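Asker: One-letter residues, chain by chain:
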Amino acid sequence: MKEPEVKTPRRRNKFTYVLFIVPFLMFGFCFALVPLYNVFCSAFGINGKTNTTSIRKADTAISDNRNITIQFLATNNEKLPWSFKPNKVELTLHPGENKRVTYYAKNNSDHTMTIQAIPSVSPGNAAKYLLKTECFCFTQQTLGAHKSMDMPILFHIDPDLPKNIHVITLSYTIFDLAKLKNPTARKGGRITR
Amino acid sequence: MTEAVVHAHHGPDRRPGIIGWIARWLFTTNHKDIGTLYLVMSCFMFFVAGAMAMVIRAELWIPGLQIVNPHFFNQMTTLHGLIMVFGVIMPATVGFANWMVPMMIGAPDMALPRLNNLSFWILPFAFTLLTSTLFMKGGAPDFGWTFYAPLSSTYGPPSTDFFIFSVHMMGMSSILGSLNIIVTILNLRAPSMKMMKMPIFVWTWLITAFLLLAVMPILAGAVTMLLTDRHFGTSFFNAAGGGDPLLFQHIFWFFGHPEVYILILPAFGIVSEVVPTFSRKPLFGRNMMIYATICIAVLSFLVWAHHMFTTGITLSAELFFMYVTMLVAVPTGVKVFNWVSTMYKGSLTFETPMLFALAFIVLFTIGGFSGLMLAIAPADFQYQDTYFVVAHFHYVLVSGSLFALFTGVYYWYPKWTGRMYNEALGKWHFWLSLISMNVTFFPMHFLGLAGMPRRIPDYALQFADFNWIASLGAFVFGITQLIFVFNLIYSRYKGKQATMEVWEGSHGLEWTLPSPPPYHSFETPPEVK
Ligand SMILES: [Cu+2]
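Here the protein sequences line up with chains X and Y, keeping their order.
-5 is the number of the first residue of the first sequence in the working numbering; add one for each residue after it.
40 is the number of the first residue of the second sequence in the working numbering; add one for each residue after it.
Derived by calculation from the structure, the hints in this document are not laboratory data.
None of the values given here were measured: they were computed from a predicted structure.
Hints may be right or wrong, so weigh each one.
[Unchecked claim] 27 Å max Cα-Cα, derived DSS-like pairs, lysine-lysine:
id : chain 1 : residue 1 : chain 2 : residue 2
1  : X       : Lys93     : Y       : Lys236
2  : X       : Lys73     : Y       : Lys236
3  : X       : Lys8      : Y       : Lys176
[Claimed, not checked] Calculated Cβ distances over 12 Å to all of chain Y for the following chain X residues:
id : residue
4  : Leu19
5  : Arg60
6  : Thr63
7  : Pro75
8  : Thr86
9  : Ala111
[What the hints assert, rightly or not] Label-pair restraints from in silico Cβ distances:
id : chain 1 : residue 1 : chain 2 : residue 2 : range
10 : X       : Lys79     : Y       : Thr353    : 27 to 33 Å
11 : Y       : Phe174    : X       : Glu84     : 50 to 56 Å
12 : X       : Gln65     : Y       : Leu173    : 27 to 33 Å
13 : Y       : Gln501    : X       : Lys157    : 42 to 48 Å
14 : Y       : Leu366    : X       : Val83     : 41 to 47 Å
15 : X       : Glu84     : Y       : Tyr330    : 37 to 43 Å
16 : X       : Lys79     : Y       : Phe86     : 54 to 60 Å
17 : Y       : Leu173    : X       : Pro156    : 48 to 54 Å
18 : X       : Leu148    : Y       : Gly272    : 30 to 36 Å
19 : Y       : Phe408    : X       : Met143    : 55 to 61 Å
20 : Y       : Ile518    : X       : Pro156    : 55 to 61 Å
21 : X       : Pro29     : Y       : Phe174    : 36 to 42 Å
22 : X       : Gly138    : Y       : Gly272    : 24 to 30 Å
23 : Y       : Thr167    : X       : Val83     : 33 to 39 Å
Here a beta-carbon is modelled for each residue, glycine too, at the ideal position from N, C-alpha and C.
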């Protein structure tokens, strides 16, 4: 087959190669979206993502007397054979006030299991004002067969909480880490960054 | 192209016999051959995915489960969507680009002919892989064409991995194809053709190609994350491992919204070529059309979360995405206004391509309006995941993209083959398609507003009437498409000889070539006035 003679000066070839880079850059950008997304979520406290390592607001004196109601929820992922529930389903506190609550957990299976609890806050924009200084979700929890325990959370509400929020729901979902192929690759409640 | 035509116009040198025939199509680097291959494959896949739509509508004919079980129904909706988007509309528009871009800009061929061959021949393998999942253990992918995690990661059938690889292949093909189109348009134009003088179809494809280059890698990244989540212990979309299933939706729609413009911009280009021809007037506000297209392409990157209003994103995000989405209506409105103004006081004739173009303008606008309704965040909570969404995107994809493809096929068929299509059959195809399309999809608006969810094989009794009407329309629409294929094959041999200009009001370089055009379009660059 006779190809038509097309003049291709070097400049043109260079341009083609430059274009070739674009898809590679965008492919990289796709993966960069993962840490970006997490940074955005924690920076703006959106998407209900709360802190997964201890945070303490320097000034925690009770400076306003708003009454904020906190509701506690518990969910087992994929029929996990555990009993998991908050010992207190609701409490009211003032912003700045430190509170300690516990969740009850019991392993109903016949073998030792390790779980990870993932917190989520609703409404999403309240997430960054609910500050946990201590939480069972900061680490993995292991229980022997038919053993039970109370797992603590120590938290307070940032006084900067927007005025329109009166009720905050804190929910935990527990996940079986044995189902995760690579459980050591994770730290805390979120992708390591 | 048959041999008679090929030999008359310095065709490819090929060895005789069936081997020679196969080798000729397998190794061809000619833009017209490859354009034909793309179009023929799209047409074939159109009937494959269309058959799946028939299964869906047959099951929804009356309430209850009659023909298929829910699991198979889900596979049908998934594959129907995937194939129609990636296997029909996209390859067909690339086929148009292959055929028309070199002819419209005065080039002999595409800039990278071998790459062109590769980007086509990846596709048949990709779609064989995808459709073969139907016969695998556990069935084909059944999570919808949007393959949200964790449906596709934790709960996806084993065949999901084949789906992932086929998406990789399609992406590779699209990236190579669009790369080729960009290089061709920017480097091989006739020297006298300045950028702003380029035909609108070439402009829309240039912008589409940049969109493809930018977002197909995002899709590839998304499926790669899915693959590593499924098999290599990562947790991109798995909350237990520190990931977030919602992240999948962000990534998917960051690709997905530009993708819908990839499907519609070439359609805009085709209609913008056809309307002036049959109005015998130049396109109204030509430069405005180009700027509007660029504007739509840029905005497409800023609206993805309008698919996610109900996922609990913040109020400020809802407002932002709502307003930016509505902003897209402005450049789109400019386009519709310009098409109508082109026709104003023109001497119009209504050959089949013009009829399809007119139907496109009216029906695409309806689809655009229902899109605006969906863009209103508070209202979207009602419409999300209902048949209203199904009605909306079928108005923009069937009476939008697909009708524009029909427009283009009828418009350029005489140029491609040297023979006129049968006008009477074309009109039958048009009127039956127009009526049955509306009978199929218009009732879906009402179903959606009444609350019928999408992607379900069974429904409550009160939805029965509109559903059988929609099914009836769908069957007629399906059968009507056979007229189209028959017309193309019949006219290929029995059609009247076409002239060089074909249409009285035709304009542009492609009409200065004989019909059919020589194997290599322009050996010497033409002069553009
Ligand atoms: Cu969108």
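Asker: Could you run down the list of hints and mark each one as holding or not?
Answerer: Hint by hint, here is what the structure shows:
1. X:Lys93 x Y:Lys236: violated, 71 Å
2. X:Lys73 x Y:Lys236: violated, 64 Å
3. X:Lys8 x Y:Lys176: With Cα atoms ~48 Å apart, Lys8 (chain X) and Lys176 (chain Y) exceed 27 Å; violated.
4. Leu19: Contrary to the label, Leu19 (chain X) does not stay out of reach of chain Y, its closest Cβ about 8 Å off (not over 12 Å).
5. Arg60: Label holds. Min Cβ-Cβ 21 Å, cutoff 12 Å.
6. Thr63: holds, 20 Å
7. Pro75: Pro75 (chain X) clear of chain Y: closest Cβ-Cβ about 16 Å, beyond 12 Å.
8. Thr86: Check passes; 24 Å lies beyond 12 Å.
9. Ala111: violated, 10 Å
10. X:Lys79 x Y:Thr353: 27 to 33 Å: Between Lys79 (chain X) and Thr353 (chain Y), where Cβ atoms are some 29 Å apart, the hint holds.
11. Y:Phe174 x X:Glu84: 50 to 56 Å: Since the Cβ atoms of Phe174 (chain Y) and Glu84 (chain X) sit about 54 Å apart, the hinted range of 50 to 56 Å holds.
12. X:Gln65 x Y:Leu173: 27 to 33 Å: This hint is violated: roughly 47 Å between Cβ atoms.
13. Y:Gln501 x X:Lys157: 42 to 48 Å: holds, 44 Å
14. Y:Leu366 x X:Val83: 41 to 47 Å: Holds, at about 45 Å.
15. X:Glu84 x Y:Tyr330: 37 to 43 Å: With Cβ atoms ~57 Å apart, the hint is violated.
16. X:Lys79 x Y:Phe86: 54 to 60 Å: Given a distance of about 55 Å, which is inside 54 to 60 Å, the answer is holds.
17. Y:Leu173 x X:Pro156: 48 to 54 Å: holds, 52 Å
18. X:Leu148 x Y:Gly272: 30 to 36 Å: The hint (30 to 36 Å, Cβ to Cβ) holds, given that Leu148 (chain X) and Gly272 (chain Y) are roughly 32 Å apart.
19. Y:Phe408 x X:Met143: 55 to 61 Å: holds, 58 Å
20. Y:Ile518 x X:Pro156: 55 to 61 Å: holds, 59 Å
21. X:Pro29 x Y:Phe174: 36 to 42 Å: Taking Cβ atoms as reference, Pro29 (chain X) and Phe174 (chain Y) lie about 40 Å apart, which means the hint holds.
22. X:Gly138 x Y:Gly272: 24 to 30 Å: holds, 26 Å
23. Y:Thr167 x X:Val83: 33 to 39 Å: With a Cβ separation near 55 Å, Thr167 (chain Y) and Val83 (chain X) fall outside 33 to 39 Å, so the hint is violated.
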